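Using the hints, put the two standalone chains together into the complex.
For the protein sequence lines, the chains are X and E, in the order given.
1 is the number of the first residue of the first sequence in the numbering used here; add one for each residue after it.
1001 is the number of the first residue of the second sequence in the numbering used here; add one for each residue after it.
There could be a bad hint or two in this list.
To be verified - Below 20 Å or equal to it, Euclidean Cα-Cα: the simulated DMTMM-like pairs (lysine to aspartate or glutamate) are: (1) 184(X) - 116(X); (2) 130(X) - 1052(E); (3) 101(X) - 1213(E); (4) 101(X) - 1198(E); (5) 130(X) - 1120(E).
As the list claims (entries may be wrong) - On the chain E side, residues computed to face chain X include the following (Cβ under 7 Å): (6) 1195; (7) 1198; (8) 1199; (9) 1201; (10) 1202; (11) 1203; (12) 1204; (13) 1205; (14) 1211; (15) 1214; (16) 1217; (17) 1218.
It is worth saying that the hints were derived from the structure and are not from the lab.
Keep in mind the model is a prediction, meaning the values are calculated, not measured.
Just so it is clear, CB atoms sit at the ideal spot from N, CA and C, and this is done for glycine as well.
Each chain, letter by letter, is given below.
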Amino acid sequence: MAEINIRAVTKTFGKTTIMEGVTLDIRNGEFVVILGPSGCGKSTLLRLIAGLEEITAGEIAIGGEVVNRLEPRERGCAMVFQNYALYPHMTVAENIGYALKVAGVPRAERTARVAETAKSVGLGDLLDRKPGQLSGGQRQRVAMARAIIRSPRVFLFDEPLSNLDAKLRVQMRHEIRRIHNQIKATSVFVTHDQHEGMTLADRLVVMNRGSIEQVGTPSEIYDRPASTYVAGFIGSPAMNLLPGQLVAARRGVMLEDGTLLPLPGGEGLRDGLMVQVGIRPEHARMVSPGRGRFDARIDMIEELGAARLCNLVFEDIPFSLLTDARPALAPGAVVGVGFGPGQTHLFDAGTGARIETGAGVSQTDRNPARLRGAV
Amino acid sequence: MIERTPVLNLATHAILVFGLVLILVPIWLAFVAATLTLQEVNSAPVEVWPGDQLLVNLREAWAQSAFGQKFVNTLIVATGVVLGKITLACITAFALVFFNFRGRMVIFWMIFITLMLPLEVRIVPTYAVAANALMPFQAILDATGLSWLITTLSGIEVALEWNLLNSYTGLILPLVATATGTFLYRQFFLTIPDELVEAARMDGAGPLRFLWDVLIPLSKTNIAALATIMFVYAWNQYLWPLLVITDRANYGMVVVQLSDLVPDQLTTGGGTPTWQLAMAATLVVMLPPILIVILMQRWFVRGLINTDK
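Just chain E, with the same shape it has in the complex (with noise of 0.2 Å):
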């Protein structure tokens, strides 16, 4: 139902715009003060205008946190998590959708309760996970005395033992595993008419040329839309990453070096704060996330129009 009243066109505009000021004004400040000298951002009352500093903070901060390497670093997570995500959430969702086996809700039911598990309920058995990716398979053959077994009989000592801590691996593949991912691509397949697979059944299309030819190009805007969550999602990793890479000078992630610009008792040791610096880096650090929502934007709108059914 659409209102045409001139009170409630008046109402709603208010709530808008007081929602972007909430929205914009933590922004402006940032912004304000990564352009100001560390007399001036230290000053009271708040700085509202920006001044001329903005491109020394920016360097300084870059050379200061060695943003380089960690801008590379995140890339390649993030990208790494949103082509597992997107692989791993398709297939699983064609797998529940177009096949019918034993258990498949029972499957799918389990998938959609981690929904409510994040990452970070269950940080310490993933990180006991990382710290030996063979782990669980070194507990089942001890459980079932394999381990015991091959012991006595080859006098070999069973110990598997793969460490992902310190590595892209390590980072990427925990945050892979999705629920919601394979929510929204099942809810999608689920859309898919029973004729078009008996089409493609009939035209001698096996499941995987079916996901390749029909499904996957059929879930681009959503391929499109997940990704762009899940990058914005993977960049903004912070607990994860702090707690497996100790090796931050080759794999740090600039979300946890960007912390470590706020300046606090420990970084600082007393001195004056740096907060034109931790929002210069503030602002370069977002920029990516800003940048793909703003490209994907674009082609989800170019999806809503391009209407193939």
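Next comes chain X alone, as it looks inside the complex (with noise of 0.2 Å):
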């Protein structure tokens, strides 16, 4: 067990920059979820905390030690692989114990270990089985225990559940989170799920294009997101972006259509400033045309079974809504759009950066049932 601090660290892969300057710190015993699109540096970064890639400027320290020359085995890291890796001509078993084995653990307790960690990532009457005779399910499990029996500092999982069915995902993400709460390694997890990094992190690191977005526990990054791209990239459905222009006399903003949506507080904003107005669609309900905040035309109603997802279309600009009702409506329809106020979010439109209006979300005006919809 050891916090890891990543000072600086920029990777360069001959003449494209890959990552620049991206600090983090991430606590002893913390499970930390790096999220991001493909092409994000998120793998990167995890590999260059193994070892696998080398540093080329900055350090990380594991436990207070720099470990930017050590090899991925004197890091104290174990690492479990998007496809699992495998040693397909060895039995479970012989997977599971060979970090033992290269260790030098005598045969006797290198058994017994196998066994109890096999057994207890419910692997025991598995162990004389090669690979390829498991099931996907069955070879995350294995890939698992090979990363649990050297009692690593530090966990690191590269998309480990992108292979599998949607089922056994949710099952291996509770699985990884109860073994993570037994075992209370350090833990950095890799995916481009938000899903499973909502699920399964105390705190996590939103990526793009090489540096961090955001760092914050799911609850503050889905509230507060910092940037247009965090808000876009967090929740499902994506947030609705509106662009629009600050008026501070009238402290809120107007839409390109004349519309003014009114901010909550509203001090000190910048007049006549460009800016872009987030609604999440489970914040907005669906209401007779002319009572909501504006009227837009319905394009397609989606249903998800607990919730249906309304794409409308405002000035030509799509807009989703999440709604519990069954609405009878065609598309075609027009409808009203009603949001609180303390229910939007502000950006720069310039800088894409997140504008403080003085009051947050409130917590209260969520409703539970459209979220579980929404996930």
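What follows is the structure, encoded as structure tokens:
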């Protein structure tokens, strides 16, 4: 168990810079999820921690010790790979025990520890099988057991669930969290799946194009996204963004069609600044035409079971909305869109950065049923 | 694509049967000839059914050429060549695929180009080196003036010499370098996923450990294939043993010995050609490669059924 300190780490491959000036502190025993689209550098960051890639500039310390020049085996990290990377010619027991064999642990102790670890992940009766004879979920468990058995200081997960089917993924997600709660090793988990990130993480790290956009607990990131990028990436369906201009005198944002959206607080806003107003689909309500903030035309309604996702069009901008009701409305109909002033997010249209308006999203306004439908 | 038309089926079978006959008839004729007496084998037309002299001919051929020692020799050389080739090709390909060093591709292409240069092409320089394996070093010393320096300074004349003629080493070493094997291994190693290499690194296995514990077990079928091809190749060597071995009694190889049994003006001295003996010896000499192929073929099949991936 150890904390990880990443200091201004830069990674370049030839002339392309993959990652620039990344700084991140991961606390001892914490479960951190690095979230981002493919190609954002999240896997590279993980591989830099593991020692599978060399750091171009900056430094990484594990447990207070700078590990820049240490081999992977000397860093005390264990890694679970996306494709499991099991040794195809070894049995499950040999796969799990290989690290111990390399480390020169006596056979008797090895056998005992392999049996114990295999049991803890539910592989007890499969020890003599070869990886080729296992299902995807079982292989995943072997990969986990192989990491656990070394009692590492740090667990690294490189999109370990992306090859599983949806049901198994949820199950393994719980399993990973349960194991983490048991052994409490510092864990870094890389994924592009926000549900995995939201459910697993103590703290989320959202990455974009080689740098960190925001670090925070899942609810912090959901409630106060630091940029339009995070706002669009976290939350499903994605947050609606409407362009407009700040009108300080009226403490609101003027949309392109002249609609004024009031803002909570609204002190010290720069008049005339071009902004984007964000509203989460689960925070918007469908009301009668003329009764909401603005009217929009229904383009399509998607049935999600617990809720319905209404894809609307407002001034040629798509706007989505989640509703529990079963609207008896056909595409083309015009409806009103309502939401409270506390449920809007404000971003600078130029930089994409969040503008604090004095009051955050009010917690009481959230509807749990809608959230379930969203996830 | 699989065609399912009777006419095509018939045609493909006809081609197969034709090919089979083409291969089997000479072997059959050799077998028949080996079972006949001297008179029968030299009578026209050619006999197509076997006689009863097989054992007699075998015994005679074996004794006349002193095959016992030569079989042992050939077995030693063939095994040595196979082991050498497998090991050398494996570690060469390992270095080429898993290590990132300057000039990696240049070295690979240099090895690859030698595929086009069989032993027969470079036989004269190879013979020169075999006659004195240290000659290249001597040449370097002479060219750089080092040997002159040593001679003038210490009065000792530098003359490196290591003669490989008439020895197993001389028979084996020049045959060991193998572009084919290196290429085979390289292609296989390239299919090993990077994650497997990284998993081994995370597990704490160094490069040699990874080679021994992961790569070699995974390339078992490759090794078997290479070993089979190379054993037959080494067993059938003719030109090289003919050149480096003058001491036939101690270091002779079977194929060279076999050629001596083939009757010509020199060996029969105008007498009746003893084809029955040559053919009987051929049957014996053919046997080990055939056995190896049959043995290894069963191994391939097992490797193919046990899909570990």
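Evaluated hints:
| no. | hint | in the structure |
| --- | --- | --- |
| 1 | 184(X) - 116(X) | 18 Å, holds |
| 2 | 130(X) - 1052(E) | 55 Å, violated |
| 3 | 101(X) - 1213(E) | 11 Å, holds |
| 4 | 101(X) - 1198(E) | 17 Å, holds |
| 5 | 130(X) - 1120(E) | 46 Å, violated |
| 6 | 1195 | 4 Å, holds |
| 7 | 1198 | 5 Å, holds |
| 8 | 1199 | 4 Å, holds |
| 9 | 1201 | 5 Å, holds |
| 10 | 1202 | 5 Å, holds |
| 11 | 1203 | 4 Å, holds |
| 12 | 1204 | 4 Å, holds |
| 13 | 1205 | 5 Å, holds |
| 14 | 1211 | 13 Å, violated |
| 15 | 1214 | 6 Å, holds |
| 16 | 1217 | 4 Å, holds |
| 17 | 1218 | 6 Å, holds |
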